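Enquirer: Given next are the chains, with one letter for each unit.
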Amino acid sequence: MSYRESVRSGGALLWFFQRVTGVYLAVVLFLHVIMTHVLIRGELSFDQVADRVATPLWKTVDISFLVVALFHGLYGLWIVLDDYIHRDWLRVLLYGGIAIAALVFTTLGILTLLPFQAGG
Amino acid sequence: MAMMTFKIHRFNPDDERRGRYVQEYQVDVRKGMTILDCLNEIKWKQDGTLTFRRSCRSGICGSCAMWVNGMNRLACETQAATLGSNRIEIRPMPGYPVVKDLAVSLDPLVRGLMAVKPWLIANGPPPTDQERLQSPEEREKLLGLYECILCGACTSSCPSFWADGDYIGPHAFLKAYRFVADSRDDGAKAHLDACDDKHGLWRCHTIFNCVEACPKDLNPTKAISELKKELVRRKIG
Ligand code: SF4
Ligand code: FES
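Listed in order, the protein sequences are those of chains A and B. All residue numbers for the first sequence refer to our numbering, where the first residue is 1 and numbers rise by one. All residue numbers for the second sequence refer to our numbering, where the first residue is 1001 and numbers rise by one.
Keep in mind that the hints were calculated from the coordinates and are not lab data. Where hints are given, some of them may not hold.
A few chain B residues that face chain A, going by a derived Cβ cut-off under 10 Å, partial list only [what the hints assert, rightly or not]:
1. S1055
2. G1059
3. L1143
4. P1159
5. F1208
6. V1232
7. R1234
Between beta-carbon pairs, the in silico distance windows are [claimed, not checked]:
8. Q1023/B - L29/A: 26 to 36 Å
9. G73/A - R1030/B: 48 to 58 Å
10. V1022/B - L25/A: 45 to 55 Å
11. L29/A - K1229/B: 20 to 30 Å
12. F1208/B - L14/A: 53 to 63 Å
Chain B is nowhere near these chain A residues, computed Cβ spacing over 10 Å in every case [said to hold, decoys possible]:
13. L13
14. L14
15. V38
16. A69
17. F116
18. A118
These numbers were taken from a predicted model, which means no experiment stands behind them. Backbone N, C-alpha and C define an ideal beta-carbon position, used for all residues, glycine too.
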């Protein structure tokens, strides 16, 4: 029986980041539900939400929400693939897919949020 | 006294084409008989070809770990009557290559163990006139870490190990932390670096199967969390 050479992973920071983003998501999600469904006055309507989303503060919160949620979700998927997919070509294909998804969704989200104006 | 049916998963390396198959035996189980006693009864009186590993028959050597009614257990520490059923199914521990019947190869377990450098790494030589000493408080930190009997039940129960046969495994991580936590050890970095591996710590998803499986009530999941925390602490300073 031979001993394995160690293959360093450096996964510590990513692991830590996954925890931190998890906590952040829980907090922002809670805030989102409170703002949208509890503190709302009258009927929930597009205009009401639009007024809020158009402010710089909420744009910042929502963009951070977007980036953090995408990181957390896609990195989670990445980890699952790491566990179960061992064939090289398939890994390249699926990891490529995840990277592209991250890029596309981040761009789309930011393009939607940044120029957003109320009553438009 | 109760007649019990033992469904035993068997494999004969001399008849590989047959693959794994199930064979049933009846055993008259008397009060206090363990699973190991029942297996001995079968081997000695009914079927001498049945193969399983055992040595100390008192929960010390770790040889007799096997899958009994849905869980990895020590055959010599499990009384048949406590399983709450007259039908007892026994398989070799999952995840390891089967050598014959209930005997598995523990090579993957030992490979993981050796990867984490499971020995005391000390910078200086020991004092000439005495052993390397620790205070009672320092010694207390090793409780729950040093008692492992190397049965392999934890690593065999881990889904991460099922998915990746090179996974270092909960047993090895418990051992690694046993040295990281030892006041006499100067090699924390070496143990931690070995755990920070592609097949290492980050493959653990806190599933807790190892905790449930351990016949010595140890907690490999907690040891893994401590190692993860320590690695992160060293990274972000
Ligand atoms: S930690 Fe428990 S289950 Fe794992 S090898 Fe040691 S004694 Fe067996
Ligand atoms: S025979 Fe030694 S632990 Fe069971």
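Enquirer: Which numbered hints does this structure break?
Expert: Going through the list in order, the structure violates hints 1, 2, 3, 5, 8, 12, 13, 14 and respects the others.
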